[in-house]
Structures are given as structure tokens and as C-alpha cells.
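Engineer: First to last, the sequence lines map onto chains Y and F.
Just so it is clear: in the first sequence, position 209 is 483 by the working numbering, and no numbers are missing.
Just so it is clear: in the second sequence, position 196 is 212 by the working numbering, and no numbers are missing.
Hints are computed from structural coordinates only; laboratory data are not their basis.
Wrong hints could be hidden among the right ones.
Derived, one-sided and incomplete: chain Y residues facing chain F with beta-carbon distance under 7 Å [said to hold, decoys possible]:
{"no.": "1", "residue": "GLN320"}
{"no.": "2", "residue": "GLY345"}
{"no.": "3", "residue": "ILE368"}
{"no.": "4", "residue": "PHE409"}
{"no.": "5", "residue": "THR411"}
{"no.": "6", "residue": "ALA412"}
{"no.": "7", "residue": "THR438"}
Derived pair list, reagent style BS3-like, types lysine-lysine, alpha-carbon separation capped at 27 Å [said to hold, decoys possible]:
{"no.": "8", "chain 1": "F", "residue 1": "LYS180", "chain 2": "Y", "residue 2": "LYS364"}
{"no.": "9", "chain 1": "F", "residue 1": "LYS55", "chain 2": "Y", "residue 2": "LYS316"}
{"no.": "10", "chain 1": "F", "residue 1": "LYS227", "chain 2": "F", "residue 2": "LYS55"}
{"no.": "11", "chain 1": "F", "residue 1": "LYS268", "chain 2": "Y", "residue 2": "LYS316"}
{"no.": "12", "chain 1": "F", "residue 1": "LYS88", "chain 2": "F", "residue 2": "LYS109"}
Backbone N, C-alpha and C define an ideal beta-carbon position, used for all residues, glycine too.
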Amino acid sequence: MFKKTSIAAVIAATTSMALVLGGCAAPGADKTAAPAKPDYGKMSPQALAEHLVFESGSYDLQQPTQEGTTGRHRLVQDETMKICSEAAMKGGQIDAKTSERINKLAAATVKYPEGGIKLGDWKKGRDLAWSGFGFRTAHNPDDHGKGAPGANCYNCHQLATDRTGGSLGPSLTGYGKLRGNSPEMLKYTYDVIYNPHVYFACANMPRLGANGVLTQQQIADVMAYLFDPASPVNK
Amino acid sequence: MIKKALCALPIVLAMTAGAVASANQAPEDILDALAAKTKSPYLTQSPQNRMMMPDNPSYDVAEDGGKLFKQKRGPKNASLEQCDFGKGPGVLKGAYVELPRYFADAGKVMDLESRLVHCMKTLQGFTSDDPQIKRRHGSDTDIMKLMTYVAIQSNGMAWNPSMKHPQEKAMRDAGEVLFYRRSGSMDFNCATCHTNDAGARIRASVLPTIKSKEEWTKAVSWPAHRVGHEHTRSSQHRVLECLWQMRYPNIKPDSDVNIALISYWTDVARGQPAILPDLKR
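Assemble the whole structure, with the sequences as input and the hints as a guide.
Structural biologist: Okay, structure coming up:
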């Protein structure tokens, strides 16, 4: 439990501090105290925001993540996140040069399966598309030992019409039926799932492959759900 | 019932400064007016929830909170009646819609929840480890009861968070940056779900958009009874749950990221009537 760990940590820290102070008892030992809080009113919004994320004690930066890192890693931004955050605050518009930069960064992340892009099992893909499980941490961490992370597709997309999908992203109903399954279309779709910024700079869609949310096999299964003529998406 | 007492309250409120036209309306009437004005899919998405609003379980939570508020408790055996929520000790009417604000006695910007905790510590002598402060996020917690009691005394009043102190503006502006700041396994920011055109959905749920002030006032009107949770929930609980979905690490109660986000989202709703208590999915 986070709370118990946290209390234990405080007790441990307090104890060790007492030992240090008791051992040294030198004037100025209070330099070990936390640095003084900066004057928020004199900081730029961006500087203050970064301070709040990493230095204000707001987040549990030590919290273990499912991928074996810590909470801090979840909060560090890469170049794409930084550019897209700034753009979003200005209404989402980015210039052509920035767009190209994002596309290029994204293209460099895509790793293709050995033996080429193949469709997997649409039934597995259907379960993945529906599932929103996985990588959630905060107060109630998902236990990946109890199930594989999902692809979250239905959160934002309508796919097969037997279930209600969201509308943050475009409808993907009839995906393969409408687009065919040419090698170019398969590659395009693989890229979009792996890292949508290859084509759509600062897309809202997660970089499911590049961020390690889905494996190549899971992407193949989701793609089967999109392309297989037997999939409910194409019925 | 506190609800009945509050029905008489608006008459007084209407004659005092700061009241808006909707201060004499029940929460459901405020919602109806916003829905009629906008035809918003978000505001009208659940007729069932709308029907339940006059019987909102949050009224009972607030009633419990009122008793706790006046009760002498804690090591200092004091009530919270001298707590200053920004408009002077003991002034609760309209205090909540002006939060978060800077408090000189604490040297920082505080929202309702953190201010309440501050008073429980300073006036009553509770500490962070006492269950009265430590237990959060449920209708059965002291904090939720007390917050609801204080908050609903601002029902119908216009959101008007103070921006006089440099730290208030700084927290609001940092909150805006945080609202658009992408990170986590899914690259999400708050804007992923809340800057779309009205009517956008996560699965079947219509999302509130920051582009519509009328939608936004309902979105930020906490405490609210969450039907799916069967609990009254707070602003900080909303932050926590969004961050969980966003794949962010755990956030600590009353922390500055909470305050900054709440400062920004309250400022966006400025001028719109607060719906208190609200009832949400």
C-alpha cells in the first residue's frame, strides 16, 4: 500500500535525520532541510508548472510503474510531448516545419515485425480494442499479472457497431471493407497504431507501439480486427 | 433537512452583494437553464440523473457536515465556526466560489479542501495522521461532509476566484500549462478529453468541453454525488481519477498540482453559476 509505504518512509527519514543530528549536533545541521519554497508569483507559468510537477511533492515520483520505471518517468516529456503541449495551449495549430519535425521523430520510432506486417487473430484484437486496462497507476495500479494491457480503441473510436465507441477519434466502422488490405494500407495502419505522429503531427492518439503499450503481436491482432473480412468491424 | 433551510437562504443572498440571478434557484433549475440556453449534449445527457437531483444524497452529506462543523472537536476542543475561507472567520456564504485564493496565514494558495484541512489543524489541533484529516474521498469521511456543507452555501453564485495576489495568478497560469501538458504512457493531457467540440464522447459518456462555459461550470461543480460511485466526490477526487486514467503517478492530497489545476479550471468557469451540490454519472 502506498500510504503505508509513505508513512514508513517518513518514519525512516525522520529516524535517520535524528541519528544524523544526534551524531553531529553541529550548528547548521538544518541545512539538510528541504530547500526554501521559491516565490511562485515571480516564476513564469512554464517554470512554475515544471516545478510543481517535479519539485513540489505533488506526485509520488517513486511510485513503481508496470514497465519497471518510476512515477517520475511517466511525467518526463520527450520532444514530441513538449512541442505538442505548447501547440495545444495555443489552440493546436503547428506550422509546416514543426509538423515535419514531429513526423520525422515519429518515423524513427517505428519498428516493424521480422517477416513483415501480418494480420493476427481478430478475436484477440476485438478484446484488445475493447479493453481500457493497463498502465494505470495513481491510487489503484493495474496489475498486469492479472491480464494483458488493452488497446483502448473503443474509448475514442466506433468500430463494430455491436458496442458503443467514443467519438474523440474518427469512426473506424467498416475499416478494411472500405480501404482494402493492400501492403501500403497495412503499413499505413501499422504506423498509425505504432505512432500516429508519423502522419498526424500532434495527434491526440497515443503512440501505442512507440510508448510500449502494445506489442507487435498485439498490434497484429488489432489490425486483424480492423482488416479481417470475418471481423465484426467489416460486417 | 439542510435543503429546506437553504431554500430560504437565497432570499437573503439575493439582497447581498455578489449574488447572481441564479442564486435563488435549486441546482436542477440552474442546470435546466444552462441546458435550455445551449442545448448542450453534455448538460442533457442523463435525464435520470436530472430527475434525481432534488433528492441528491449530497444533501445528507452536507447535513452531517453542518453538525461536524459546529461540533467542538480535536485536541483543542474547538468548532470550525472561526475558520476563515477567505471572506472572514465564519463567513461561508459565497466563500467557495471565490476559491482557490491566497491565504496570508498559510503563505500559499489554497482550495476548499486544503483550507478546510488547514483549519482542522490550526483551530482544532488535528494532525495529518488523524483519521479526521487522513480519510478522504467518500461520503462517510469528515472532509467530504464538511466540504459539502461549506460548498453548497455558494449554490447558484458565479465562480469568481480571486486573482488579486501574484501567487493566485501564478497558480492559475501554471494550472493552464499543466492542463495542456502531455505526458504518461498515453501522451494524455487534460486537453485530450476536454478541448473538443461539444458532444464528443469517451465510449458512451459525453465529455464536458472547456470551450463551453456553460458545460464547464457543471464540470467543475464539485462536490457532486457520483451515481456510479454512490459517493459524494470532490474536485481533488476528480483530479485523481483523471490522472489514473491518464497513466500518471499518484497525486498527494492538497498538493500544489491539485491547487493549480483547480485554480485554472475554476477561472475558466468564471461568471457562470455554480451547481451545488451537483449530481454526476
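Engineer: Next, verify each hint and record whether it holds.
Structural biologist: Each hint tested on the structure:
| no. | hint | in the structure |
| --- | --- | --- |
| 1 | GLN320 | holds (6 Å) |
| 2 | GLY345 | holds (3 Å) |
| 3 | ILE368 | violated (13 Å) |
| 4 | PHE409 | holds (4 Å) |
| 5 | THR411 | holds (5 Å) |
| 6 | ALA412 | holds (4 Å) |
| 7 | THR438 | holds (5 Å) |
| 8 | F:LYS180 to Y:LYS364 | holds (25 Å) |
| 9 | F:LYS55 to Y:LYS316 | violated (42 Å) |
| 10 | F:LYS227 to F:LYS55 | holds (15 Å) |
| 11 | F:LYS268 to Y:LYS316 | holds (24 Å) |
| 12 | F:LYS88 to F:LYS109 | holds (21 Å) |
Violated hints, in rising order: 3, 9; the structure is consistent with all others.
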